[in-house]
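Protein sequences appear in the order of chains G and D. Whatever position you read off the first sequence (first residue = 1), add 97 for our numbering. Whatever position you read off the second sequence (first residue = 1), add 138 for our numbering.
Keep in mind the hints are simulated off the structure, nothing from the lab. Quick caveat, the model's predicted, so the values are computed rather than measured. It is possible that part of the hints are untrue.
[Claimed, not checked] Derived DSSO-like pairs (lysine-lysine); straight-line CA-CA distance at most 30 Å: (1) Lys-1079/D <-> Lys-436/G; (2) Lys-539/G <-> Lys-347/G; (3) Lys-569/G <-> Lys-389/G; (4) Lys-620/G <-> Lys-270/G; (5) Lys-604/G <-> Lys-327/G; (6) Lys-567/D <-> Lys-1051/D; (7) Lys-620/G <-> Lys-569/G; (8) Lys-609/G <-> Lys-1051/D; (9) Lys-505/G <-> Lys-347/G; (10) Lys-1020/D <-> Lys-902/D; (11) Lys-1147/D <-> Lys-569/G; (12) Lys-604/G <-> Lys-599/D; (13) Lys-1147/D <-> Lys-902/D; (14) Lys-609/G <-> Lys-257/G; (15) Lys-1079/D <-> Lys-1008/D; (16) Lys-523/D <-> Lys-436/G; (17) Lys-666/D <-> Lys-599/D; (18) Lys-185/D <-> Lys-167/D; (19) Lys-436/G <-> Lys-1020/D; (20) Lys-609/G <-> Lys-1079/D; (21) Lys-249/G <-> Lys-1102/D; (22) Lys-217/D <-> Lys-523/D; (23) Lys-505/G <-> Lys-539/G; (24) Lys-185/D <-> Lys-523/D; (25) Lys-327/G <-> Lys-512/G; (26) Lys-217/D <-> Lys-257/G.
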Amino acid sequence: MIMKNIKIFFLISATLLVLGGCDEDFVDINTNPYAVIDIDPALLFVGAQRTHLGGWETEHTIAQQFVNPHNSGATLGPNFNADIDNFNNGKWDGSYPGSIKNMVQAIALLDGNTERGNLLSILRIWKAQVFMGLVDTHADVPYFDAGQAYLKGSEYFYPKYDDDAAIYADLEKELKEAVAALNPNGDYVAADLFYGDRGSIKTGTAAAQVDKWKKLGNSLLLRLGMRYSKVDPTKAASIVSAAFNGGVMKSNDDNAYVKYDGTLFTNGANGGLVNNNPYFYYAAEPFVDQLKATNDPRTPFLVATFANPAAPLGDPNPNTNIADQFGVPVGVINTDLAKAPFRGAKGGGYNYSQMNVNVVASLTAPDFWVTYSEVSLLLAEAAQRGWIPGGEAAAKQYYEDGIRADIKRYALYPKATTVSDADIATFLASPGVAYNAADALKLINTQLWIVYIRNGTQAWANFRRSGFPALKPNLFNNLLNGGFVRRLSYPDYELAQNRENYLNAVKAIGGKDDLITRVFWDKE
Amino acid sequence: MMKLTKPMLLLLALFCCLATTKAQQITGKVTAANDGTPLIAVNITVKETNTGTVSDTDGTFQIAATPGNTLVFSYIGFKTIEITLGNEKNLNVTLEEDAQSLDEIVVTALGIQRESKKLGYSVTSVNTDELVQNRTTNVIESLEGRVAGLNITPPAAGAGSSMQIRLRGQAAFAGANNAPLIVINGLPIDQGARGVNGLGTPRDLGDNLSNINPDDIESMTVLKGATAAAIYGARAANGAIIITTKSGRKNQGIGVEYTSSYTSQEALNFFDFQTEFGQGTGGKRPTSGANAATTGQFAWGERLDGVPTPIFDGSLQPYSANPNRLFDFLQTGTNFTNTIAFSGGTEKGSFRASFSNTDAEGITPTNEYKRNIINLGINQNITQKLKLQFNLNYTNERQINPPQIGTQGPGAVNFFTRMATSIPLSAFKNSAVAANGTETLTSGFQGTLLNPYYAIAVGQKYENERDRFLGTATLRYDITDWLYAQGRYNYDYSLSFTESNDPGGIGTSVPTNADGTFKGGYNLSEGKGTDVNADFLIGGGKEFGIFSVDANFGGNTWRVKNNSFNQSSSNFIVRDLYSIGNGSVRNQSYGFSQFRVNSLYGWAEFGFKSMLYVNFTGRNDWFSVLNPDDNSEFYQSVSGSFIFSELMKGMDWLSYGKLRASWAEVGSSNGVNPYDGILTYGIAQNQFNGQTTASISGASAPNQFLRPFSVEEKEIGLEMRLFGNRILLDVSAFDKVTTDQILDVQLSNTSGYNTSKRNLGSLKNSGVEFLVEVTPIQTPNFTWTSSWNNAFLSTEVLSVGEGIKDVIVLNWGATGNEFIGQLRYVVGLPMNQVYARTYLRDDQGRILLTDQGRLIASPDYVSYGSSIPKHTGGWTNSLSYKNLSVGIHLDYKLGGTVISSTALNALRQGHSKASLVGRRVGETGVVFPGFYRSSGEPNTKAVDPAAFYADYRNNQMGDIVTFKSDFVKLRNISLSYNLTDLLRKTRALGFVKGLSLTAACRNVAILYKDIPDLDPEAIQSSGDFRSGYENTSLPTTRNYQITLNAKF
């Protein structure tokens, strides 16, 4: 009996195993029943929508608004004119494997889909915005072949770098085509973090949303056109005019921004200023001096002196008197700040102003990508240059509208007090602010510099484009030939991982992957 | 579980009372069978005890034994025999000559016992005495330096940590499972090292070998090469370690064995930091408490003078050195292990049941490791032809607060080795908690340098509890006397539960989040795995005159299913209350995976005149994880052995000689994971302002065409016993090429993805292993055996993909918590190259500097060497005099490279002696002996040392922080005394069958090393990604151990 059972047992096992070679279950077994393998491309878009805005420590330091005077190894950054991956790669790493990958995938998922034309246009506009920032930061970058390792396979593992001017030309085309393709009778992208159902500014219908994105797209086109002001003013004029005629942002209700609730999501860049070593971080002297010189009503929102710079969050009511603000001089090392002629130590840090971590640098501060203030100030310059109609009068109007809108924008920040219309009027009429044709470009772009706080990419790019404000070069160790950082070098790992394309790109941008090579639009 | 021991002790007492049989003196004489000459110094032992004697010059002997005991007579050059005693008191024994000692039986793959002479590949049977005499918490650690080609690397990671086990090198690139297959009673399991890998939890959670109690091990065989393990097919790439646990012996009666061992561990201090300068920056001491609180990490202050100076808590403390803080913080580690085993046997079967309890405390306060193991083995002949074998091993392990290591973040070692020496330990202890309940700021690296006293004060907790159940049931039916069939079912079930909290006040001065809730987190996770192997085997052997044939055919199905839950909460409503319910943000996830491998296999062996053997194996595996259109792989091997001493019988000096050769092609599907080929999306845990968002999951571009990688290994060997077995020599040479390795190819991240798995890599490991064992002295009372094993390993990366010359496996310098260097695979160079930048030099080799006298790095990274030691080995000496035996073991690893984060941080923060250059008497900074790049003139500018040394980190220059990882250690000294004879003389204790006491000391001394301030074995990780990278491990320990073994 036992014998028989055993025989049966072996027979069955053997049969099962022979059959096992072509186990029908294998396909089921190798399918993860819990994995999401199909997705609404709109969700990928909104997952990628909060794109990299530029960091405090890199772009804002180069633009002399912010300083980390500590040179203790890992913090040797732009204040010391150092060419270090740690500070160069933020936008690169924040874009290619993040927003670009997901937007490229979303666009691919929409291939052949005629129902969702508006989503596709929105994706194209926003992707153009990301690449514009990458070109402005690094010059030539991978563009046409980027983000497609999965979609197109191993030939796209090591993308070639594309010429910066050629990328810009394609971005112009993309923006124009995408804006043109926006259809008020088409699909509504409810998920849109800017203008969707739960967006910062709710629209609710395709027509209303398309109107907003049309303005946003044209505003980006305006930004793109203005970049040509040094290298090709004629081209600049034509693009700016096209953008203006297409319709740009008209008020703060058009702003592209998101809010942070402070629980599930916080403002990440600002977290860097308070989570670790807050005493590393200060407002820069040129920025504070500008605010003080004009008695800028935005000053209390921007800078403050805290009881102990090592624990600014422990001081909910810091000193925000304009007269008491002092910025850390650029290119000075922390050990020197402790000694005369500098203001010396205070608490765990130094006796200088820091960014106001309760307002502009708060964990719940919103992030703005494109604002009406920026648009209005750019239009002021365009009008002043005669690229759009209206002449000096229009320029003055755009200029004042831009400043006014920016001051009003702070209503969205925590702990920001309201500035009365009368105070704004006083400010607009005060010396150093009041519009005059002779100083128009300086005035406009100095205001843009302030407007662009927390959008480091733009603050730095517009400074390079316009040359304003007239900052003094940081001469630390004389590493930049007496100039400014004009671009950030490529990530070191590209040299190893994408060597051939990297070396070709370095050749194409002039032979050196350094900080002083210029982006194509940044003509000397 | 501790409660269980009480009834067991009662039971033990009962057995003692029942055991009334008395020992009596047996006398006799041993003679040679062929000519009747008396045999001198024959070893005679009472089996299962340590009682023994040797025969006299006239062959006579006298020994105390009881009826039923088995006497074992062994003599070099003669066959060993066993005689079970009846009531006789006089015994005359004849031994037969056995010049070749061919009968050694080893357990090979699939648990098949085979005669050693037939094997065409290298195997090493582990001397299980070494496992119980030099006990380690993880059983495999005691084999370090004992088996040629078996490279054990124990990370310094606390009680119950994992081991790195590599046989004949690292067979595949990092990311693959490069540990040998562990087979316990026929149940194959992965080593499953849960070591620290730099990212994720910086705590080592042990490995699966810690499920085995050394006292339960009957035999352990190391199958070094692919051929030996070939029958395991896709799991054989790294060789195998075959463990059989005890299941009692037939005709034995009831026996009880009790083993108790106590170990104390003393942390070893190799630090030799500077004690001349105190806290501060720019050559100035702190001016106030607040100032001190942000510079605690820097020893760039003034020369120590004992003058009261502010420290981080505002108090004034003498400005003097406190060099031993870390070791004053650490404690003595302990390990108390008790095992009790019952065994018995009748004519038809046997059993053994054991229970073992380990209670260990690590050298970091609050670190505990607790383990209970129940092991049961049953052998039963159901009928004459049908046999049942049943083994069960249940382990319950608890790791409490395993130390945080391997990261420039949390952990006592990182903290105390990076804080200025002028801050006393008492201040860290007494001022750990600030007035608002957060961690008092102690340094400028808040969030990175975390005061461990704070974590202790607020009850930071990390606890992992694991249950593991390994069960094997085997039915074997002998169909005829030459043919059998066998079926086996293996069940492996594991359950792991982890609970941890992150106190909100660690590394911050603000107790609340932006939304007003309290900081902190609480995490629970549970993972469950089942791993079933069912197999059958039909086999037999027959002799045809001078020819013999053995053949087996079998099949296996391997089914694995894992699932896990994770739940975490944060943003607490009630401060410091760690519960899911208290969190206003809660996250949860569920992980699931399963796969199956079906296999058919067979082997056949042909023998000729007991002199020549050839063996073929073949195995076909079908994988569920592969593309269904092409999911099968065939693996094969051939090996042969030639016992040439059969042809040289006249030569007295040669007792045994064998040549062997083998070739195998095996593989590993490791690295092809379930669902690998499919792109998946992740929906974000939390909605953004109410809006659902999603993104592509993972940073790897999926590849649906992955194949298992393959390993081709060739091996030749020579085995000889000379001069009556006084000299034993075993040499192997092997050449192992791994191709189509699954490599996480580093993409340009502009492609959107950081990596993609590809079958690209190819790698060669080749080497020579030898073992020489000599018995220079053998007299009736004194024996000295000395053995030396050495493995020479040479590795070479053959390919990392078409057109690619090197691959950055991991850029340590960019991981965020590691600061320097890279691990690369470079075609044409040995595996595991440690890369960093170096000094920029001109054509004449002169070091170039900036006009300010600062360092300039080379644009490219350069190799500093391979992390893999070229030579590993050990020298073991066993001496025995009457009842006393002594073991002395030295081991070494030579030829590897390590880059030291500890050295880098100690330098740039002013702690190491190297950082004194530039601030010695008369110096005003570092005047580096280099030349200006601009003018070529020699440098004369002095640079502030803090800035100068920071440039090594900023520029990623490895020049002064890269060392040889070489060491020679006096690993172990053990002293064992057998008290059985003494007891025998005391009538009342006659029931004790055996009693021995062993004292051992592990890590006695480092005889040679290169790296300063550290034990070269103080490495962080048992994995392959941090090979060659040192970063804040625990200090290693010297262990003192005493073990008592008693048999009744």
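Going down the list of hints, with the structure as the test:
{"no.": "1", "hint": "Lys-1079/D <-> Lys-436/G", "in the structure": "holds (22 Å)"}
{"no.": "2", "hint": "Lys-539/G <-> Lys-347/G", "in the structure": "holds (23 Å)"}
{"no.": "3", "hint": "Lys-569/G <-> Lys-389/G", "in the structure": "holds (18 Å)"}
{"no.": "4", "hint": "Lys-620/G <-> Lys-270/G", "in the structure": "holds (23 Å)"}
{"no.": "5", "hint": "Lys-604/G <-> Lys-327/G", "in the structure": "holds (23 Å)"}
{"no.": "6", "hint": "Lys-567/D <-> Lys-1051/D", "in the structure": "holds (27 Å)"}
{"no.": "7", "hint": "Lys-620/G <-> Lys-569/G", "in the structure": "holds (19 Å)"}
{"no.": "8", "hint": "Lys-609/G <-> Lys-1051/D", "in the structure": "violated (39 Å)"}
{"no.": "9", "hint": "Lys-505/G <-> Lys-347/G", "in the structure": "holds (14 Å)"}
{"no.": "10", "hint": "Lys-1020/D <-> Lys-902/D", "in the structure": "violated (48 Å)"}
{"no.": "11", "hint": "Lys-1147/D <-> Lys-569/G", "in the structure": "violated (54 Å)"}
{"no.": "12", "hint": "Lys-604/G <-> Lys-599/D", "in the structure": "violated (55 Å)"}
{"no.": "13", "hint": "Lys-1147/D <-> Lys-902/D", "in the structure": "holds (28 Å)"}
{"no.": "14", "hint": "Lys-609/G <-> Lys-257/G", "in the structure": "holds (17 Å)"}
{"no.": "15", "hint": "Lys-1079/D <-> Lys-1008/D", "in the structure": "violated (42 Å)"}
{"no.": "16", "hint": "Lys-523/D <-> Lys-436/G", "in the structure": "violated (94 Å)"}
{"no.": "17", "hint": "Lys-666/D <-> Lys-599/D", "in the structure": "holds (22 Å)"}
{"no.": "18", "hint": "Lys-185/D <-> Lys-167/D", "in the structure": "holds (18 Å)"}
{"no.": "19", "hint": "Lys-436/G <-> Lys-1020/D", "in the structure": "violated (78 Å)"}
{"no.": "20", "hint": "Lys-609/G <-> Lys-1079/D", "in the structure": "holds (28 Å)"}
{"no.": "21", "hint": "Lys-249/G <-> Lys-1102/D", "in the structure": "violated (44 Å)"}
{"no.": "22", "hint": "Lys-217/D <-> Lys-523/D", "in the structure": "holds (29 Å)"}
{"no.": "23", "hint": "Lys-505/G <-> Lys-539/G", "in the structure": "holds (22 Å)"}
{"no.": "24", "hint": "Lys-185/D <-> Lys-523/D", "in the structure": "holds (28 Å)"}
{"no.": "25", "hint": "Lys-327/G <-> Lys-512/G", "in the structure": "violated (40 Å)"}
{"no.": "26", "hint": "Lys-217/D <-> Lys-257/G", "in the structure": "violated (74 Å)"}
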